[in-house]
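Asks: Below are the chains, spelled out letter by letter.
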Amino acid sequence: MNEDTVLKPAPDVRFRIVDGEAVVVRQRSSEVLVMSEVAARILTLADGVRPIGAWVETLAAEYEVDRATLEQDVLRFAAELAAEGILE
Amino acid sequence: MSFGHGFLRNPDLFPARPAGEPWGDRELVLDLPGGPYGFSGLSADQEEAALARFGDLRLDSEPAVATTVFRAAAEDFLEIDTRGWEYALDFDSGPSSVRLAGLDLTGRLDWRPALRGALWTPAGSALVPEDRFPGIFENFCRVLVAYRLHELGGAVVHGAAVVDGGEALLFAGPSGAGKSTVARMALERGMTVLSDDLNALLPGPVLCGLPFTGDLDKADSRARYPLRALLRLEKDTDDRLRPLGRAETAACLLACSPFVNADPDRHAALLSTYLGLMEGVPAYALRFSLAGGMWGILPEA
Numbered sequence: 001m002n003e004d005t006v007l008k009p010a011p012d013v014r015f016r017i018v019d020g021e022a023v024v025v026r027q028r029s030s031e032v033l034v035m036s037e038v039a040a041r042i043l044t045l046a047d048g049v050r051p052i053g054a055w056v057e058t059l060a061a062e063y064e065v066d067r068a069t070l071e072q073d074v075l076r077f078a079a080e081l082a083a084e085g086i087l088e
Numbered sequence: 001m002s003f004g005h006g007f008l009r010n011p012d013l014f015p016a017r018p019a020g021e022p023w024g025d026r027e028l029v030l031d032l033p034g035g036p037y038g039f040s041g042l043s044a045d046q047e048e049a050a051l052a053r054f055g056d057l058r059l060d061s062e063p064a065v066a067t068t069v070f071r072a073a074a075e076d077f078l079e080i081d082t083r084g085w086e087y088a089l090d091f092d093s094g095p096s097s098v099r100l101a102g103l104d105l106t107g108r109l110d111w112r113p114a115l116r117g118a119l120w121t122p123a124g125s126a127l128v129p130e131d132r133f134p135g136i137f138e139n140f141c142r143v144l145v146a147y148r149l150h151e152l153g154g155a156v157v158h159g160a161a162v163v164d165g166g167e168a169l170l171f172a173g174p175s176g177a178g179k180s181t182v183a184r185m186a187l188e189r190g191m192t193v194l195s196d197d198l199n200a201l202l203p204g205p206v207l208c209g210l211p212f213t214g215d216l217d218k219a220d221s222r223a224r225y226p227l228r229a230l231l232r233l234e235k236d237t238d239d240r241l242r243p244l245g246r247a248e249t250a251a252c253l254l255a256c257s258p259f260v261n262a263d264p265d266r267h268a269a270l271l272s273t274y275l276g277l278m279e280g281v282p283a284y285a286l287r288f289s290l291a292g293g294m295w296g297i298l299p300e301a
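Residue numbers (the working numbering), protein chains in the order written: chain A, 1 to 88; chain B, 1 to 301.
One chain only, chain B, in its complex shape:
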């Protein structure tokens, strides 16, 4: 299926540039990794909804990445029966732009040369209730942060990040690998969990959680910890570590990198990023049981 056909009535009419009618005159700057990120064109209700989710990250400063929120007509979007539906955004990327389409959202990222975002949504109109906006906003932010970190030499990684002795252990793996299980086990041991879902891996390499929805409460995205080790999760009945080579390490992280790893214009650069970031950082395949024996075999500071 070509780009946008799963969500839009007329994908050929996708906005060719970041322009349109803003929802309102409200502006918001958020302190997310790679930012600050500015959002303008918000209505008062949209600002309130965004603040309800990300209010603790609000900043009073100039943004490094600016996004404008525009009105879209509800009629532009297909009506989708979401029962039993697995939601995935649709992407179309190029060297200087990325287009995305989803449930009641279209968006663009443009490099001219600095990264700018544009989000069109009907959320708040008579046909699309305002309470859809937080999810739409967060979905857009996930993509925006992933691409922003990529251009800064970092990445967004699916994983559970646990703090031990002032350093971070990153437990990575696909859905069902045990990230949330590890995070819960860590909490039960009194350890700090940065996130059980999405993390920002930044040059250093340092790790910080991203405040996007996981099974746990919102992550603290301002605290940064040096990365001690990567653990690729494999559920088992006992607990064992096996060192990973550079290829397996990079492949693990690449597989756990949302959005950018499927971008034909950027995945090769992402692989290079990981090879560089993980130079000198130990990585292991971790087979772990629910008995908790893994905590005794993890690499120490």
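This is chain A alone, in the form it adopts within the complex:
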């Protein structure tokens, strides 16, 4: 997992933003998750086209955070979502 990695939601994953949070449904297991505002934003950025580096650029413009910390956090979160099978 690095800045060039391109990810998108798994085919059985659907999500919807509700009051800034993401309601994530995994259809195969009927599992439903609620994710934070930042996580919801990352899900919308994971479009299968833009690499993770582009997500970082976008988020850096939206949040007042240290760029290096943001990059580490986004990479870690993307890896967690991929390990959970939510992104692929």
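The reader is advised that the hints may include incorrect statements.
Stated by the list, open to error - Among chain A residues calculated to face chain B with C-beta under 10 Å, some are:
| id | residue |
| --- | --- |
| 1 | V23 |
| 2 | V25 |
| 3 | Q27 |
| 4 | S30 |
| 5 | V32 |
| 6 | L45 |
Keep in mind the hints are simulated off the structure, nothing from the lab.
A virtual CB, placed ideally from N, CA and C, is assigned to each residue, including glycine.
With the hints as your guide, set chain B onto chain A.
Replies: This is chain B only, laid out in the frame that chain A set:
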């Protein structure tokens, strides 16, 4: 595994439309939420078995949703060793139909445009005893009611529903969250429990129990109560309430909605249904202990 392979010898031969040879000429109309539901094509034994379970819900009226029961050959179904087996129906859904397969049953729900049901079963044949029919019938009814309520802007929700002051509290959560425990505690306090398993959430929102098997006796599915609050159960050693936001509220209900929440053509609409139904209804995460302290912190009318 593709649809039907866990139950059927030839899933490719699944009925493409609601047709076949009915078991008999008996008809039955049941007053379940979203109904009345009519069942035709029953044999006398099947009618008797259905009435033994749901006889108090029998109506003499035209059904809003009609289902026909057809014969199936026992040889069409796989022999399954059910020891230690966790039973789950198999589904294949589309925009205008839902197919289901299970132990000695296949079924269809078709919208043409009104909802119609079809159930094929070998229960009652020489190879499949009649006493399998009540379970088959009830399993089909659960699915039928869930989809019917969905199209009416409601839903079936796993949970314990307790009446307090003429209003309903819905304690929801997955298996093992404590629904039956809460229901027993409520009964011990002399409260009315609508169901400890499946409930119908209808526009209003109002709640009524569904008369399907839980740990308690059959629910009274005709009484309807305004929903005062949703409580998402979390077992703990003390008793605390934490307000839930709209996303957590909708997610909780979505996770507790059998069948429809796994339907790729309908789960988005179900989420919208919940967001609308729960507008203005308070929802909480409830950590509760067996000491019963939660009854003092629940939202009041």
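Asks: Each hint: holds or not?
Replies: Results of checking the hints against the structure:
no., hint, in the structure
1, V23, "holds (5 Å)"
2, V25, "holds (6 Å)"
3, Q27, "holds (6 Å)"
4, S30, "holds (4 Å)"
5, V32, "holds (4 Å)"
6, L45, "violated (19 Å)"
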